[in-house]
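Asker: Spelled out from the first residue to the last, the chains are:
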Amino acid sequence: MTADLIVFSVLALAAIATALGMLLSKNAVYSALFLVLNFGTVAIFYILLNAPFIAMSQISVYAGAIMVLFLFVIMLLGTDVLPVSKALPWQRPLAFILALVLAGESVYLLFIRKAASGEIPQPVETFGSPKEIGLALFSQYLLPFEITSILLLVAMVGAIVLTQKEKK
Amino acid sequence: MMPVMFYVALSAVLFTIGALGVLIRRNPLIIFMSVELMLNAANLAFAAFASSYGKLEGQIFVFFVMTVAAAEVAVGLALLVAIFRTKHSINIDEMNSLKG
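Chains as they are written, first to last, in this note's numbering: chain A, 2 to 169; chain B, 13 to 112.
In silico DMTMM-like pairs for lysine to aspartate or glutamate, Cα to Cα no more than 20 angstroms straight-line: (1) K67(B) <-> E126(A); (2) K87(A) <-> D105(B); (3) K27(A) <-> D105(B); (4) K87(A) <-> E106(B); (5) K132(A) <-> E69(B); (6) K132(A) <-> E147(A).
By construction, these hints were calculated from the structure, which means they are not laboratory data.
Using the sequences and the hints, build the whole thing.
Answerer: This is the structure in structure tokens:
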């Protein structure tokens, strides 16, 4: 319990610090790198939660593919710092109030209503392994899995069509 | 044996930071990153409950959320590049018309 708690606390602090770093960095490249660190800590959480397959796909899909795409687009569009908006002066205070309301709601649900009770059991070797996930994906969840491939195809075609230069 | 509440509370904190990022930042790239952070927080809660109940369905759903996030980022960033080509700016305040 205590060792688990220490690991959890250190990782949770790292996750929250990197998320805040992502939010507060002026430079978009720093934000992207903070987000990569955040995805890394979340991947370690997945290992603690008996989900090794999800942890590996988190590293390869999120920290690898998605963030490399982000960095490419940041390099493409330039990293100039945008001026603070004058259009909606009340937006920033309102955003903080709404975020506080959201945080308050989750505190109410978790600590007063006790919406999430239960324990994380000790890791079992078979639970969440690539074999188990693969068996479930290709038997019970075959149709959603195939629809996912169509979704990815549509996204790929869409990205190519949208960024294509218009022919004169 | 860790209470599942710790993980869900962390997920709620990360989700709130992501929502705040969408509301206060003016750079659309950072807004996209905040959306990714929120999807990630939801995934963490899914994995925590999957582990707590010993059901694999939560992890399967995390897998599907990841693929949807990848598709969303690809199309969203392509849209940003297309908008930058016509407006030569990615300031979100200037994206107020659908006409190029």
